[in-house]
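So the chains spell out like this:
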Amino acid sequence: MAEQSGNPTAPGARRDMHEIRWHGRGGQGAVTAAKILAEAAFHGGFKGVASSPSFGSERRGAPVTASTRLSSEPIRLHAQVTEPDIVVVLDETLLAVGNATAGLKPGGTLLVNTARPPSAVPAPAGARVVTADVSAAATEAGLIVAGSPMVNTAILGAFAAATGLVDLDHLRAAIEGSFSPAAAEKNFRAAQIAHAATRG
Amino acid sequence: MSISILTGNDAAAHAARLARVQVVAAYPITPQSPVVEMLSKWSDQGDLQAELVRVESEHSALTVCIAAATVGARVFTATSANGLAYMNEQIWWAAGARLPVVMCCVNRALAAPWNVLNDQQDSMSVRDAGWVQLYCRDNQEVLDTTLQAWRIAEELGLPVMVCYDGFLLSHTVMPVDVPEASAVDAFLPRHEPIPVIDLARPRNVGPVTFADPRANADGVICHGYMELRALHQEALTRALQVIPRVERSFAALFGRSRGALTWGHLLDDAEVVLVAAGSIGVELTVAAEALRAEGVKAGVLGIRAYRPFPAEALRQALQGRRLALVFDKAMSYGHEGPICSDVRSALFGAPGAPPVFGAVAGLGGRDAAARELAEVARRALADLDRGVRQRPAEWVNLQLEERA
Numbered sequence: 001m002a003e004q005s006g007n008p009t010a011p012g013a014r015r016d017m018h019e020i021r022w023h024g025r026g027g028q029g030a031v032t033a034a035k036i037l038a039e040a041a042f043h044g045g046f047k048g049v050a051s052s053p054s055f056g057s058e059r060r061g062a063p064v065t066a067s068t069r070l071s072s073e074p075i076r077l078h079a080q081v082t083e084p085d086i087v088v089v090l091d092e093t094l095l096a097v098g099n100a101t102a103g104l105k106p107g108g109t110l111l112v113n114t115a116r117p118p119s120a121v122p123a124p125a126g127a128r129v130v131t132a133d134v135s136a137a138a139t140e141a142g143l144i145v146a147g148s149p150m151v152n153t154a155i156l157g158a159f160a161a162a163t164g165l166v167d168l169d170h171l172r173a174a175i176e177g178s179f180s181p182a183a184a185e186k187n188f189r190a191a192q193i194a195h196a197a198t199r200g
Numbered sequence: 001m002s003i004s005i006l007t008g009n010d011a012a013a014h015a016a017r018l019a020r021v022q023v024v025a026a027y028p029i030t031p032q033s034p035v036v037e038m039l040s041k042w043s044d045q046g047d048l049q050a051e052l053v054r055v056e057s058e059h060s061a062l063t064v065c066i067a068a069a070t071v072g073a074r075v076f077t078a079t080s081a082n083g084l085a086y087m088n089e090q091i092w093w094a095a096g097a098r099l100p101v102v103m104c105c106v107n108r109a110l111a112a113p114w115n116v117l118n119d120q121q122d123s124m125s126v127r128d129a130g131w132v133q134l135y136c137r138d139n140q141e142v143l144d145t146t147l148q149a150w151r152i153a154e155e156l157g158l159p160v161m162v163c164y165d166g167f168l169l170s171h172t173v174m175p176v177d178v179p180e181a182s183a184v185d186a187f188l189p190r191h192e193p194i195p196v197i198d199l200a201r202p203r204n205v206g207p208v209t210f211a212d213p214r215a216n217a218d219g220v221i222c223h224g225y226m227e228l229r230a231l232h233q234e235a236l237t238r239a240l241q242v243i244p245r246v247e248r249s250f251a252a253l254f255g256r257s258r259g260a261l262t263w264g265h266l267l268d269d270a271e272v273v274l275v276a277a278g279s280i281g282v283e284l285t286v287a288a289e290a291l292r293a294e295g296v297k298a299g300v301l302g303i304r305a306y307r308p309f310p311a312e313a314l315r316q317a318l319q320g321r322r323l324a325l326v327f328d329k330a331m332s333y334g335h336e337g338p339i340c341s342d343v344r345s346a347l348f349g350a351p352g353a354p355p356v357f358g359a360v361a362g363l364g365g366r367d368a369a370a371r372e373l374a375e376v377a378r379r380a381l382a383d384l385d386r387g388v389r390q391r392p393a394e395w396v397n398l399q400l401e402e403r404a
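Chains as they are written, first to last, in the working numbering: chain A, 1 to 200; chain B, 1 to 404.
In short, the hints are calculated from the structure, not lab data. Cβ coordinates follow ideal geometry from the N, Cα and C atoms, glycine included. This list has only true hints and no planted wrong ones.
Pulled a few chain A residues facing chain B out of the computed Cβ check, cut under 8 Å: (1) Lys35; (2) Glu39; (3) Phe42; (4) Val49; (5) Pro53; (6) Ile75; (7) Arg76; (8) Leu77; (9) Ala79.
In silico negatives: residues of chain A with every beta carbon more than 10 Å from chain B: (10) Gly26; (11) Asp85; (12) Pro118; (13) Ala120; (14) Arg128; (15) Ala182; (16) Lys186.
Please model the entire structure based on the sequences and the hints provided.
Shown next, in the form of structure tokens:
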């Protein structure tokens with residue numbers, strides 16, 4: 001016989017859910033960032049967390065996206081995030097070519113890795129723009145791979161500052177769970193620097 | 001309790017590690033590859049005491065598992081789509097030889113056209129081969145179902161295919177409770193090898209079997225092909241009892257129960273029942289709640305065991321409803337979706353059986369969001385209100401008119 005699951009009076013899945021879409025280029029680590037954020041948010045008390053890459057094949061340098069959902073209840077949506085509350089852009093050239101802000105909810109947050117101030121970032125009307133020079137933070141922490149700064153953990157520091165959905169302690173725990181101790185220290189340092197450099 | 005944030009592939013690999021598999025043979029294919037990469041890493045680190053056999057194809061991967069299971073090893077493999085298709089001959093061998101092989105099928109669309117994304121055409125295409133097929137809703141279920149698979153396989157002498165949606169589960173992280181090895185040991189005792197090869201008692205394994213029973217070299221009458229097939233069918237029928245029993249035993253030890261042959265959501269008073277297998281069932285729970293918010297009494301019936309098919313459970317669960325709307329992520333081309341056909345056949349002639357409408361969704365990774373699934377249900381109800389009782393399946397989110 002079928003067994004009943006869930007609470008019959010459970011509210012719609014959208015209550016208290018934060019939908020995040022990540023935009024980066026293959027090799028920047030957007031998928032890893034999304035996974036570490038899910039872990040940090042779970043440590044921080046969100047019962048429902050899910051992160052997934054854009055489905056399909058990835059190529060170094062090509063635009064890639066990833067999705068994260070955070071909620072006080074288990075996540076029951078598997079479809080890709082199309083109407084994000086928060087858009088995170090790891091490579092600012094994607095603002096022009098990557099259609100990064102498509103579907104961003106009115107009043108939603110656009111977080112961009114750029115040296116520019118929020119006022120200089122083109123954004124849909126009503127969007128809250130937050131910027132941080134995440135590449136500089138990663139460079140300062142010594143996170144250079146194949147000549148490029150690895151921005152995927154630094155951006156999480158900026159994400160914490162921009163949204164308040166996770167804090168640095170939860171990020172530290174999630175980063176320590178994902179890297180060797182020496183690498184974790186550098187990666188967390190990058191997140192701290194980006195956290196302090198976040199504007200908007 | 002130890003919650004980790006894992007992909008479905010991570011969860012499957014943890015299950016194989018915790019089951020203390022002895023032989024793993026697999027060939028990489030997207031989206032299955034990370035399962036075997038992880039097992040390979042653990043083997044290298046000494047965390048998995050299994051023989052990892054590198055092979056040149058999926059056909060050989062399953063052949064290695066068949067050989068190892070024949071001499072009594074606990075075996076594991078995983079594949080997807082064209083890899084599963086390439087195994088086809090050995091899929092039938094593992095089942096007919098009654099070997100307790102456990103395989104994860106990370107569901108992916110079959111080529112051509114080439115596509116690495118999710119649907120369930122691959123596993124549905126081998127539904128008739130005599131394996132137990134279990135479909136998972138989320139990553140916790142991937143881990144739990146894979147562990148249960150060995151219990152079912154070893155009790156019945158049947159291979160078990162654990163099916164989970166590629167990318168939607170295989171590459172999506174979510175919280176998963178990973179049990180302690182000692183707890184799993186209590187649930188799944190060490191596999192006792194069957195001494196097939198014994199020099200003191202020479203045997204012929206896998207001889208040609210004739211149509212009728214006949215005497216072997218010792219004069220003992222042995223089954224013919226048809227008797228062996230009848231026993232195979234009987235074992236699969238018995239699985240309808242064994243799967244729920246194993247699930248109850250798992251629930252008693254681990255404190256979580258996710259349904260046995262089927263699962264339900266808001267079913268008790270549901271007039272419209274949305275039926276599906278795999279992760280789309282979870283998306284349908286959100287659609288059902290949206291319909292309820294408009295006053296439509298909708299519920300979800302998830303198929304966990306697809307083979308054996310839980311026909312009696314479905315007759316009971318669907319009796320007296322207004323409509324069963326079945327979502328298939330596969331087709332029997334030239335006819336209709338496989339689950340839809342099976343539900344219709346289970347309900348045929350049953351008292352109080354509702355009309356069954358079909359919908360085909362998510363082929364080759366086409367998104368099917370909860371709000372769109374609710375729309376499909378609204379259209380089906382509008383047809384029902386107009387007196388329609390039979391109609392062709394709706395292809396969800398089809399965009400034929402988009403082509404220039």
